[in-house]
Amino acid sequence: MAKKKKDKNLNKDVQTEGGDKPLPDFAVRLNGVSFSYAENEPYALKNVSLEIKRGEFVAVLGHNGSGKSTLARLICGLLTADKGSVEVWGYNPADKSGLGKVREHAGVVFQNPDNQMVASIVEDDIAFGPENLGVPREEIGERISWALNAVGMEKYRNSTPARLSGGQKQRIAVAGVLAIKPDVLVLDESTAMLDPKGRREVTEVAARLNREEGMTVILITHFMDEALLADRAVVMNRGEIVLEGAPEEIFAKGDELETFNLSLPEIGGICSLLKAAGISVKDCLHPEELALEIKKQSEIYGFKPRSSGDITVSTENNCKNEWDIDVENLTYTYSPKSPFATKALKGINLHISEGEFFGIIGHTGSGKSTLVQHLNALIKLPGARKRYKKPKVKKGRQPLPESKITIGNYDLSDKKCNWQSLRAHVGMVFQYPEYQLFAETVEDDVAFGLKNFNKQLTKEEISQAVKESLTAVGLDYDDVHDKSPFDLSGGQKRRVAIAGVIVTKPKILVLDEPAAGLDPLGKREIMKLLHGLHGDWCKTVIIVSHDMDEIAENCTRACVVSDGEIFDCATPEKLFDRADELFALGLDVPTTQKILIEMSGLGLNLKCKLTSQGFASAVIDALKGGENA
Amino acid sequence: MLNDVTFGQYYPAKSFVHRLDPRVKLLFLIAYIVMLFVAKSFYGLALCFIILSVAVIASRVPVGSVLRSIKGVIVILIFTSVLNIFFHGGSHLLWHWKFISIYTEGLIFSVFLTFRLLFLVMGSALLTLTTTPVNLTDGLESLLFPLTLIKIPVHVLALIMSIALRFIPTLIDETNRIISAQKARGANFESGNVFKRVKAIVPVLIPLLLSAFRRAEELGDAMDVRCYSSGKKRTKYKKLKLGWRDLIAALFASVLISGVILLNIYGAQICPQIYPYVVI
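Taken in order, these protein sequences are the chains called A and B.
Numbering that gives the first Met the number 0 puts the first residue of the first sequence at 0, with every later residue one more than the last.
Numbering that gives the first Met the number 0 puts the first residue of the second sequence at 0, with every later residue one more than the last.
There's no promise every hint is true.
To be verified - Below, a sample of chain A positions facing chain B; criterion: calculated Cβ distance under 8 Å: (1) F109; (2) A118; (3) G133; (4) F222; (5) H373; (6) N375; (7) N451; (8) Q455.
Stated by the list, open to error - Subject to a maximum C-alpha distance of 27 Å in a straight line, what follows is the list of computed DSSO-like cross-link-like pairs (lysine-lysine): (9) K458(A) - K198(B); (10) K538(A) - K450(A); (11) K342(A) - K238(B); (12) K13(B) - K154(A); (13) K454(A) - K198(B); (14) K608(A) - K196(A); (15) K415(A) - K195(B); (16) K13(B) - K336(A); (17) K198(B) - K379(A); (18) K238(B) - K180(A); (19) K414(A) - K195(B); (20) K458(A) - K195(B).
Stated by the list, open to error - Anything over 10 Å on all C-beta distances counts as not near chain B; from chain A, calculated: (21) K45; (22) K52; (23) S96; (24) E103; (25) P135; (26) R136; (27) S144; (28) E211; (29) P304; (30) K458; (31) A471; (32) G489; (33) A514; (34) K527; (35) G534.
These aren't lab readings, by the way, just hints derived from the structure by calculation.
In this text, a Cβ means the ideal position worked out from N, Cα and C, and glycines have one as well.
Generate coordinates for the entire structure from the input sequences, incorporating the hints supplied.
Okay, structure coming up:
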């Protein structure tokens, strides 16, 4: 990707070295910029003109592949425009002398925080930029303090980044760029890989820098709600700027946005549902606003929520099914008997019935990944390990309860359990599964698992199964089966990776963050795909996620794992009803729950499903139902 | 399996030895190793052992951890000492059977050599147990600085080293994740013959290499954007500073060096009767 093009046709105004130049009018100015990655490829950017004033906060929105990242690379001089001119703080990045200046004035934070750090200790990493500029030692120290303070990470000056959460790491990456003292901060999809909490942390830092330090901020993202913080939003589609204006104006054009493969934030979707039912609410962007709007409407229509007893019915059924999962007293310690020993799980009890669409919620490091890796014995229970001895029980003490897991007929604490057969029945899709593709063709990659589990299959049978699973994930077999998996687009790769797991027709499918890093549309499609698989293909689907809207929208039941323990396990409605406790754990609740909380603050009490559809119809019912009765 | 988040053998603690300047520790270790080889008698070796013991106690690292470092060399140790017993010539025949003869000198020498190697390994282990790899790199960079005079880019080498250290945990995590993912798809890494096992690595190796290249490319961009260019003059934020602890360490080092040399010269006078049995 980082192909640097030298273009000699550009204007050759040589920048004078050093000297106090008067402040430029525009922080960034692009004039008729076009760019393509290779001679014969279509333009990634087509005749883009954009002017960003000093101190402005601009959000650049677009789906994956809309050209928004190309824009960032052109601004910082990692790429050079084919046509047109780029000017950053009065300097031209295409010029040799200008490039250095551009980099001093414009800092870029990229997507993956792990790949932006050069040192193993936070302060050394932040010092990297100023060191490169030859800043004197004492000043570097001051800059580090200032930058860490600006991102709210003072406490971590001497920590190692490996132990920080994604949001914290990304804030360190921001601090590393800030230490150069740039005037323009470009966040190139810096939030795409983060959980909602991390996203909030990073965008808040950007907004604060803009507000308090007067820094020009360019926030490139595919999350519409992040654009709300900006003064101006720019929407890109297929390499062109298609919409421009205040974020509120942009969001008002919901239908148009859909055609650019962008989707409204959850709350916008609810507004359109209400409007479609003839309730005239304004387009809202915050839960408080919508609650107020509904309050206004309730004064016109009245508000009579139907006593909806059905939602409190527990979906938990106690009768035994063939593929139930039972976890008892599960404990797990990483690197036991070493100074680094950490208890990851502290006695987990969990029952997941056959047929559920189950959600597991928790922060990074809460133990949720450790928990799911037990489910297909990637981490074996103590009892199943070689050379396992029962711990001696001291007199007068209760013996520690033994960790036990049973899945269907498999007893995972038994040494003699058939692991291969278990793994064929419990499919597991890891985070960013596309990074595990390896074979020469899509067909070989998808067949890999199948061949491992069942060595007697004929070529035709394998080919048939591959075809079925590729179709199930929404890919055309004839189109992709002999392609290299590495030639596919990001979304297609993920589908191939999922196909590689479901090809054995597992009874239980576990997915760790299946929608991580995708744009909103991609997310929606993946969830749709999972619902398609649930039932016919896999009896039980378990997703690990920290996106509460995703959980509320899709799951029949969910549990919250916090600090190695189960905080609660219930239907989303019951679970998110304990909002205050969840906030205290540093977790969020779905948008719909937030609106409900705001509404009850205004005296409107409503109980309903937490899906946006369920919420909207309950509100419509409460308002209009009263009228019809 | 690759379980540990931390790598190397660093044992976290806040002790006298941990807080020493890494350069001092490196130089101390070099002096200690040289002295192990300079010592001609068990007296000198005993002095080295005393210094080592003091260092181990001052480091608050459990003795077990230091002893565990021997595990790796135990085979070589036994092998060399056995060979020495049989093949080291001498004048005092101790035991004789057919063509095998053992001399007193050979026995003494082989015991001496065993201890010398043991102390060497333990001393080096203590350095890695008490110094983070990052600190060690800093120390090395600083010690090797004079090499810039003969146009060896010490700084670039140090940066490469520090980036490598930075990415080891990341890549270990990545490897673990890929191994788990392929295991979940039925890959078997634990059984089968050598050929099968090598073949089983392919599904791990390819994604890992791809990921390493992807990361390298992204890191390159991030470094570019943060104004890195290898030719330019850079400043260095972290400066190693010597403190009172380093002075004490230097004192110990001089005691060690002068002690071993004096024992070499005057050792024979301490107790002349047993001297033939302690010298090699």
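For each hint, the structure was consulted:
no., hint, verdict
1, F109, "holds, 6 Å"
2, A118, "holds, 6 Å"
3, G133, "holds, 5 Å"
4, F222, "violated, 21 Å"
5, H373, "violated, 12 Å"
6, N375, "holds, 6 Å"
7, N451, "holds, 3 Å"
8, Q455, "violated, 14 Å"
9, K458(A) - K198(B), "holds, 21 Å"
10, K538(A) - K450(A), "holds, 22 Å"
11, K342(A) - K238(B), "violated, 37 Å"
12, K13(B) - K154(A), "holds, 19 Å"
13, K454(A) - K198(B), "holds, 16 Å"
14, K608(A) - K196(A), "holds, 24 Å"
15, K415(A) - K195(B), "holds, 23 Å"
16, K13(B) - K336(A), "holds, 20 Å"
17, K198(B) - K379(A), "holds, 24 Å"
18, K238(B) - K180(A), "holds, 23 Å"
19, K414(A) - K195(B), "holds, 24 Å"
20, K458(A) - K195(B), "holds, 21 Å"
21, K45, "holds, 23 Å"
22, K52, "holds, 22 Å"
23, S96, "holds, 13 Å"
24, E103, "violated, 6 Å"
25, P135, "violated, 6 Å"
26, R136, "violated, 6 Å"
27, S144, "holds, 12 Å"
28, E211, "holds, 23 Å"
29, P304, "holds, 45 Å"
30, K458, "holds, 18 Å"
31, A471, "holds, 16 Å"
32, G489, "holds, 12 Å"
33, A514, "holds, 17 Å"
34, K527, "holds, 24 Å"
35, G534, "holds, 22 Å"
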